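Asker: Protein chains in written order, with the UniProt record's numbering: chain A, 1 to 475; chain B, 1 to 475.
Please keep in mind that the hints were generated in silico from the structure rather than gathered at the bench.
Predicted model, so just to flag it, every value in this text is computed and none were measured.
Keep in mind that the hints are not guaranteed to be accurate.
A short list of chain B residues far from chain A (calculated; beta carbon distances all over 12 Å) [unchecked claim]: (1) Q57; (2) K272; (3) K280; (4) I300; (5) N383; (6) K437; (7) K454.
According to the in silico footprint, chain A covers these stretches of chain B (three or more CB under 8 Å from chain A) [as the list claims (entries may be wrong)]: (8) 112-125; (9) 186-196.
Glycine is no exception: its CB is placed at the ideal position from the N, C-alpha and C atoms.
Each chain, written out:
There are 2 protein chains.
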Amino acid sequence: MNNFGLFTDFYQLSMMQGYFKEKRDSVVVFDCFFRKHPFEGGYTIICGINEVVEYIQNLKFSDEDIEYLRTLNSFDDDFLQHLKTLKFSGEIYAMKEGSIAFAHEPIIRVKANILEAQLIETAILNIVNFQTLIATKSSRVVESAKGGGVMEFGLRRAQARSAGLYGSKAAIVGGCVGTSNVEAAKKFGLKVIGTHSHSWVQSFNSELESFRAYAKCYPNSTLLLIDTYNVLNSGLPNAITVFKELREKGYKPLGVRLDSGDLEYLSKEVRKALDAEGFKDAKITASNDLDEHLIEHLLINGAKIDNWGVGTRLITAHDSPSLGGVYKLSGVLKDGKIEPKMKISNDPRKINNPGLKQVYRLYDKDTDKAIADLITLDDEVINNDEIKIFHPLYTYKRKIVKNFYAKKLLKPLFIDGKFVGKMQSVKEIAKFAKEEKESMWEQYLRNIKPQTYKVDLSQKLWDIRESIIQKHKPN
Amino acid sequence: MNNFGLFTDFYQLSMMQGYFKEKRDSVVVFDCFFRKHPFEGGYTIICGINEVVEYIQNLKFSDEDIEYLRTLNSFDDDFLQHLKTLKFSGEIYAMKEGSIAFAHEPIIRVKANILEAQLIETAILNIVNFQTLIATKSSRVVESAKGGGVMEFGLRRAQARSAGLYGSKAAIVGGCVGTSNVEAAKKFGLKVIGTHSHSWVQSFNSELESFRAYAKCYPNSTLLLIDTYNVLNSGLPNAITVFKELREKGYKPLGVRLDSGDLEYLSKEVRKALDAEGFKDAKITASNDLDEHLIEHLLINGAKIDNWGVGTRLITAHDSPSLGGVYKLSGVLKDGKIEPKMKISNDPRKINNPGLKQVYRLYDKDTDKAIADLITLDDEVINNDEIKIFHPLYTYKRKIVKNFYAKKLLKPLFIDGKFVGKMQSVKEIAKFAKEEKESMWEQYLRNIKPQTYKVDLSQKLWDIRESIIQKHKPN
Chain A
1 MNNFGLFTDF YQLSMMQGYF KEKRDSVVVF DCFFRKHPFE GGYTIICGIN
51 EVVEYIQNLK FSDEDIEYLR TLNSFDDDFL QHLKTLKFSG EIYAMKEGSI
101 AFAHEPIIRV KANILEAQLI ETAILNIVNF QTLIATKSSR VVESAKGGGV
151 MEFGLRRAQA RSAGLYGSKA AIVGGCVGTS NVEAAKKFGL KVIGTHSHSW
201 VQSFNSELES FRAYAKCYPN STLLLIDTYN VLNSGLPNAI TVFKELREKG
251 YKPLGVRLDS GDLEYLSKEV RKALDAEGFK DAKITASNDL DEHLIEHLLI
301 NGAKIDNWGV GTRLITAHDS PSLGGVYKLS GVLKDGKIEP KMKISNDPRK
351 INNPGLKQVY RLYDKDTDKA IADLITLDDE VINNDEIKIF HPLYTYKRKI
401 VKNFYAKKLL KPLFIDGKFV GKMQSVKEIA KFAKEEKESM WEQYLRNIKP
451 QTYKVDLSQK LWDIRESIIQ KHKPN
Chain B
1 MNNFGLFTDF YQLSMMQGYF KEKRDSVVVF DCFFRKHPFE GGYTIICGIN
51 EVVEYIQNLK FSDEDIEYLR TLNSFDDDFL QHLKTLKFSG EIYAMKEGSI
101 AFAHEPIIRV KANILEAQLI ETAILNIVNF QTLIATKSSR VVESAKGGGV
151 MEFGLRRAQA RSAGLYGSKA AIVGGCVGTS NVEAAKKFGL KVIGTHSHSW
201 VQSFNSELES FRAYAKCYPN STLLLIDTYN VLNSGLPNAI TVFKELREKG
251 YKPLGVRLDS GDLEYLSKEV RKALDAEGFK DAKITASNDL DEHLIEHLLI
301 NGAKIDNWGV GTRLITAHDS PSLGGVYKLS GVLKDGKIEP KMKISNDPRK
351 INNPGLKQVY RLYDKDTDKA IADLITLDDE VINNDEIKIF HPLYTYKRKI
401 VKNFYAKKLL KPLFIDGKFV GKMQSVKEIA KFAKEEKESM WEQYLRNIKP
451 QTYKVDLSQK LWDIRESIIQ KHKPN
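Could you build the full structure based on these sequences and the hints that come with them?
Answerer: What follows is the structure, given as structure tokens:
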């Protein structure tokens, strides 16, 4: 899978050959951004930058790829020869993985020869759209659990193997404490979690026998699934019997898991019984089609659940299974200068921002909380004392920001095709995502009806945008 | 990615060590099945069997995998030594890839040593759940297009790379005519499709110049995207100009593509203009968040669209992005006989069918159309003259079937760990899926409110099921 040349849409190759034949080798600027937060939320956690780096570094066409393309009878030999030696030689700036980003902000900015810039569109979007979606979903689920541990259990329902693999990573970035996915745990150094399923219980002559066998094998980490037959009449009393036997031998049971039924009622009854028998430290884990809304609902109703196993609805982002990230041309280098480009649309939300840009986040000096983001041209110098910000569509919405410090969000990743960034471990990325959330006021992080965080354009960028719109207006 | 050992959930390994330590090496039976058709539909197209074969054939733990597992401090050396030599040595029966299947029917039946049978659960579900979901979604979209070609364009929104890869394959199995995904096209021998994007147009000084350049490069396959600036005032007239130039040179343009705006209105206007200029054969392709419902709506309103590019909503199965396929223990071999097992649940739909089973499809001798499916014990001989079938829950629903022939749907795939099936090409699988649909009355294939196809249990299987339920009833 390290063979990345054909990880693209066919039209990228058609266009590349077109540029090649027309001898168009201009340097262009593309921005990767999204227009709307997923899940009707107020923020998005960027994920997948490491895999973009891996892709760019390994991007090439193997001889076999070239021979395959030749069989399509669409490509001439001179172009295929060109592909054979192609490597990415341009510049990429990107937000740090784990960053919180907002709609219309460039997440990744590519400045490269048009053939290379075009080729990499599909893979960048594939990687970043999915991982960002899942990291954001995971963060929402983790927020809903109010401190309870959330575990990623979705591999069997993930959309093919690599969705399970990178989805697990993204879930950890979003705040999950562990995953059931062994391959992901190995690859990314994640905490791996899991005990037994119903079939373990069924394969023995009795539930009690199966629990005893499990406890014998894992006396230090006995967590029993108690809903195979009947939670209150069978699973719970059998678990307590085995927990007592463990206690007599000096072991401390971890707890029980519920995977079906009325989780609220059952968890309350199970908690009472465990407490009454002196197992106050035994934890209750629940699973079964959970998401942030169901977890909040269970908690508000007093369910006694300590930890959450979340599968299908996290790993597929079930209620909104795609992030609409796009990759749009925003400039063409002409005579040493970037000529700004944009696609005009009747829908104002679909107009992209032209030019080579930077994103600044302004933080309050007293609270260290983020105040607003400002999208500027790359070479603009911002005033560090006072900035007037205004809404790019509803320009009457204005605010003067003082007492702030600013950070640039787009950082160099590749310069002249060479990786100049720093690979972060998943643990580091998850830590950074947590810090990012701590830097935001909670009204922006709310799962339902969040406040809209301010993302404004510099006056200079706004002026360029307006002038292009006016130029293309009919009459 | 051919290293499959760790492509599993951690609890499978925990349980395997438990069985290993307890010296439990019974032969067990697991069924893979689903309980509900996706998309509120009436049928499901099975996909992913080839990849299950690939998985089983290559299943082993590398030395690196073993060393990783050792670092977790959960596994003893004797068990790790066992894993090192583990291969699948059991029996697998499965439906032919491309088959139409119904709820509760075993799609894949595994009979193997409990350690092996348990290990393979996660990967089988991951593979079959996703591909089956997308093949079924694709079939729905293709049905809605009423003969128009449907092209799979979703790679950039697919849930990571392998969802794009196997999703493309499944889309073709469901009836799509081609894909934009180059990697998938190469791997599976699919037709690959694509022309140019908005950025091609924007990167030139004018739209007309960009269209001319494209036509020059691809005179035999000129398909122009006409919505970069304004379809009716710019894209369409520019395309017609270039089409006329092509015609003068003796070339026949393919057509145009619309990717935004009011597809119904625009397609009608574009059709009129193309026809008026003598380009009656030029096709109109549309894309932009299409699915089966929007395509049906456009067609019923007379949109003049010939071909459809379907992305996000097909490759992610957007409105129902997971198939809830499960893998349940249904028997344990004791004294040479399969002792039937089932999980009892308060929800009758969640009770699985016990025992080692076969599925028969009964076809009418006159029409060759499917009448009903019958789930039986594996060793049952069915009466070929007359069968009384009845609904497994609402047993008063009965029917006598005559004048039929029966086919077994579960066929041997692995015997004693050896592959005994036949690998089909994706083209063959797609052809078979089409034949399967032709064998079904259309009321079962309807996208909305389909009739429920009859899937009944043999009397013998029903009796066993009832006796187990009665045995586990309290009082």
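Asker: Each hint should be assessed against the structure and marked as holding or not.
Answerer: For each hint, the structure was consulted:
1. Look at Q57(B): its CB is around 16 Å from the nearest CB on chain A, clear of 12 Å, so calling it non-interface holds up.
2. Here K272(B) stays apart from chain A, with its beta-carbon at least about 21 Å from theirs, past the 12 Å limit.
3. Separation of K280(B) from chain A is adequate, the least Cβ-Cβ distance of about 25 Å exceeding the 12 Å criterion.
4. Here I300(B) stays apart from chain A, with its beta-carbon at least about 25 Å from theirs, past the 12 Å limit.
5. The Cβ of N383(B) sits about 33 Å from the closest Cβ of chain A, beyond the 12 Å cut-off, so the non-interface label holds.
6. Residue-level check passed: K437(B) sits 24 Å from the nearest beta carbon of chain A, beyond 12 Å.
7. The Cβ of K454(B) lies farther than 12 Å from every Cβ of chain A, with a closest approach of about 28 Å, so its non-interface assignment holds.
8. Requiring three or more residues with a Cβ within less than 8 Å of a Cβ of chain A, the coverage given for the stretch 112-125 of chain B holds, as 6 such residues are present.
9. Requiring three or more residues with a Cβ within less than 8 Å of a Cβ of chain A, the coverage given for the stretch 186-196 of chain B holds, as 6 such residues are present.
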